[in-house]
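Engineer: Residues per chain, in single letters:
Number of protein chains: 2
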Amino acid sequence: MAIILASASPRRRELMKFITEDFTVKVSDVREITDPDLSPEETVKSLAVIKGEAVAGNCPGDTVISADTVVVLDGKILGKPKNEEDAFSMLCALSGRTHEVFTGVCIIHGGKKTVFAERTEVSFYSLSDEEIRTYIATGEPSDKAGAYGIQGKGCTLVKSINGDYNNVVGLPVSKLYRIMKESSAI
Amino acid sequence: MAIILASASPRRRELMKFITEDFTVKVSDVREITDPDLSPEETVKSLAVIKGEAVAGNCPGDTVISADTVVVLDGKILGKPKNEEDAFSMLCALSGRTHEVFTGVCIIHGGKKTVFAERTEVSFYSLSDEEIRTYIATGEPSDKAGAYGIQGKGCTLVKSINGDYNNVVGLPVSKLYRIMKESSAI
Numbered sequence: 001m002a003i004i005l006a007s008a009s010p011r012r013r014e015l016m017k018f019i020t021e022d023f024t025v026k027v028s029d030v031r032e033i034t035d036p037d038l039s040p041e042e043t044v045k046s047l048a049v050i051k052g053e054a055v056a057g058n059c060p061g062d063t064v065i066s067a068d069t070v071v072v073l074d075g076k077i078l079g080k081p082k083n084e085e086d087a088f089s090m091l092c093a094l095s096g097r098t099h100e101v102f103t104g105v106c107i108i109h110g111g112k113k114t115v116f117a118e119r120t121e122v123s124f125y126s127l128s129d130e131e132i133r134t135y136i137a138t139g140e141p142s143d144k145a146g147a148y149g150i151q152g153k154g155c156t157l158v159k160s161i162n163g164d165y166n167n168v169v170g171l172p173v174s175k176l177y178r179i180m181k182e183s184s185a186i
Numbered sequence: 187m188a189i190i191l192a193s194a195s196p197r198r199r200e201l202m203k204f205i206t207e208d209f210t211v212k213v214s215d216v217r218e219i220t221d222p223d224l225s226p227e228e229t230v231k232s233l234a235v236i237k238g239e240a241v242a243g244n245c246p247g248d249t250v251i252s253a254d255t256v257v258v259l260d261g262k263i264l265g266k267p268k269n270e271e272d273a274f275s276m277l278c279a280l281s282g283r284t285h286e287v288f289t290g291v292c293i294i295h296g297g298k299k300t301v302f303a304e305r306t307e308v309s310f311y312s313l314s315d316e317e318i319r320t321y322i323a324t325g326e327p328s329d330k331a332g333a334y335g336i337q338g339k340g341c342t343l344v345k346s347i348n349g350d351y352n353n354v355v356g357l358p359v360s361k362l363y364r365i366m367k368e369s370s371a372i
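Residue numbers (the numbering used here), protein chains in the order written: chain A, 1 to 186; chain B, 187 to 372.
Just chain A, same shape as in the assembly (with noise of 0.2 Å):
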């Protein structure tokens, strides 16, 4: 019985240490498709069940943890800046105002499926252009959901958060963590 983590992401892999030393990580090359009509917090935690059950599969009587987060403003998600201009159109949208970032997590353990998603609000400061171009040249954006990374340099535009601040990194760690020791998954 080993504990798998179905997540390609060396933040999630770091933040899963907390909770465990004790798992290994397989990723499956799932299509990622979700109905555009699913509010993001649906979005989430079926892109996180997607994400689990292509592991799962292969791995019976093991226990998949799998995740997956997005940042959200007025409701709509942003994903990964396709260009720099793009980092800077959502850099600009997410200036001076508060978004929410929202991570689904699945957890399969024992033939049982407990899904979640945590909610953290990110209230930005009001950004100059310019400091957001000096963002942008550090690299940073261009893999970053919401084009930011707030456990990296990006924490210099984040004035505030309201909830988990790991929720924000990748995984809500401290929740996931309660919920597989309740399931004696750990």
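Heads up, some of the hints might be wrong.
[Unchecked claim] Pairs of lysine to aspartate or glutamate residues, derived as EDC-like cross-links and limited to a Cα-Cα distance of at most 16 Å, are as follows:
hint : chain 1 : residue 1 : chain 2 : residue 2
1    : B       : K345      : A       : E121
2    : B       : K367      : A       : D129
3    : A       : K181      : B       : D223
4    : B       : K339      : A       : E21
5    : B       : K262      : B       : D223
6    : B       : K299      : B       : D223
The set of hints was computed from the structure by calculation and includes no laboratory data.
Using the hints, position chain B against chain A.
Structural biologist: Structure of chain B alone, referenced to chain A:
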């Protein structure tokens, strides 16, 4: 005109790198004496000033950054635990409740001193005695104010925060960055 971080904390050093890579660390072993009648906010500001002035005296013309962080429950400052039983008492007191973390920062630059304090609320899950003992056994609480480290395994104890996350780690990076920009210190 160098930038000097007047703190021995490896966590503050890591956070300072989000503002600039171009700084050195100098620490004075000044006695940290405060007036017990001061509020927690005034206490951290006063300690930051004491630490900063002690280093600035030997570095005229340089920019000196210093900081002090405290954990506050019911208006009372929780220091570092004296031993495991003390850590147990502190974590029992924090369990299921919301406390405050204040970091005071002093910036000495161009003959001027700028001092501010940042406040973050931290809410803990209700913790079982067994969970507290397991956490203490990791050794993490021993050198931490309030007997926990939010950037380590202590994150599993925390339900949510309200404010700047890095302020809890020990340096309100975002606000410090903004003040240093405004005063042309970076």
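Engineer: Does A/E21 sit within 16 Å of B/K339, going by the straight-line distance between their CA atoms?
Structural biologist: holds (11 Å)
Engineer: Under the criterion that the straight-line Cα-Cα distance not exceed 16 Å, is the pair B/K345, A/E121 satisfied?
Structural biologist: holds (14 Å)
Engineer: Would you check the hint for A/K181 and B/D223, treating anything up to 16 Å between C-alpha atoms as holding?
Structural biologist: violated (43 Å)
Engineer: Can you confirm whether the C-alpha distance between B/K299 and B/D223 stays at or below 16 Å?
Structural biologist: violated (23 Å)
Engineer: Are the Cα positions of B/K367 and A/D129 separated by 16 Å at most?
Structural biologist: holds (15 Å)
Engineer: With a cut-off of 16 Å on the C-alpha distance, tell me whether B/K262 and B/D223 pass.
Structural biologist: The given pair, whose Cα atoms are some 11 Å apart, holds under the 16 Å limit.
In this structure, the earlier hints numbered 3 and 6 are contradicted, and the remaining ones agree with it.
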